[in-house]
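**Q** Sequential numbering of the sequence shown, starting at 0, is according to numbering that gives the first Met the number 0.
Worth flagging that the hints you see were computed from the coordinates, not collected in a lab. Note that the structure is predicted; figures quoted are calculated from it, not measured. Errors might be hidden in some of the hints.
Said to hold, decoys possible - Label-pair ranges, simulated between beta-carbon atoms:
no.	residue 1	residue 2	range
1	Pro150	Gln52	35 to 45 Å
2	Ile120	His97	19 to 29 Å
3	Met5	Ala155	32 to 42 Å
4	Ala17	Ala101	21 to 31 Å
5	Ile131	Ala155	31 to 41 Å
6	Tyr7	Leu100	18 to 28 Å
7	Glu2	Ser119	39 to 49 Å
For each residue, glycine too, the CB sits at the ideal point set by N, CA and C.
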Amino acid sequence: MKEKNMTYYLIISAVLAALTVIMTMIVQVPLGAGYFNLGDAVLMIGGLLLGPQWGFLIGGIGSALADIFAGWANYALFTFFVKGLEGFLAGYLFHRFHNRLAAVIPAGLVMALGYFIVDSILYDVAAATASIGGNLLQGLIGAGVAFLLYPLVQRALASSRAKL
């Protein structure tokens, strides 16, 4: 990757990771042992825009920082991998199949499965089962928002990049 492209990707990734933190912390609707937020939509958009590796970093770093800042530090390491995988999968599937919906829906479902495993480890299967509905809702709403907003974000970035 050329140095100019790497710089561009780093800047956009940093902005999206920061936006993931903000959208995770601004929208906090209590749900089971955790909370619902819009950070998933941002990290999925990052994966769609920049590809799987950047999606992993945006999702992992942004979401783990949000957990730390919001007082959920016990989840931060798990979140790094679960949300990182979510961003990676959205980016991978989109760049492989060029279908937004086929990228974001599985990514949201994998996030819910990831937290089911995490909750089973940290608590027990009963707690994990109790939180799966909320995590599925979060993943699917995040997927829907990402699906709808991606074209707008892509156009905005394309027009701003032309001016660089």
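**Q** Compare the structure with each hint and give your call.
**A** Comparing the hints with the structure gives:
no., hint, verdict
1, Pro150 with Gln52: 35 to 45 Å, "22 Å, violated"
2, Ile120 with His97: 19 to 29 Å, "36 Å, violated"
3, Met5 with Ala155: 32 to 42 Å, "21 Å, violated"
4, Ala17 with Ala101: 21 to 31 Å, "28 Å, holds"
5, Ile131 with Ala155: 31 to 41 Å, "35 Å, holds"
6, Tyr7 with Leu100: 18 to 28 Å, "27 Å, holds"
7, Glu2 with Ser119: 39 to 49 Å, "44 Å, holds"
Hint check: violations occur at hints 1, 2 and 3; the rest are consistent with the structure.
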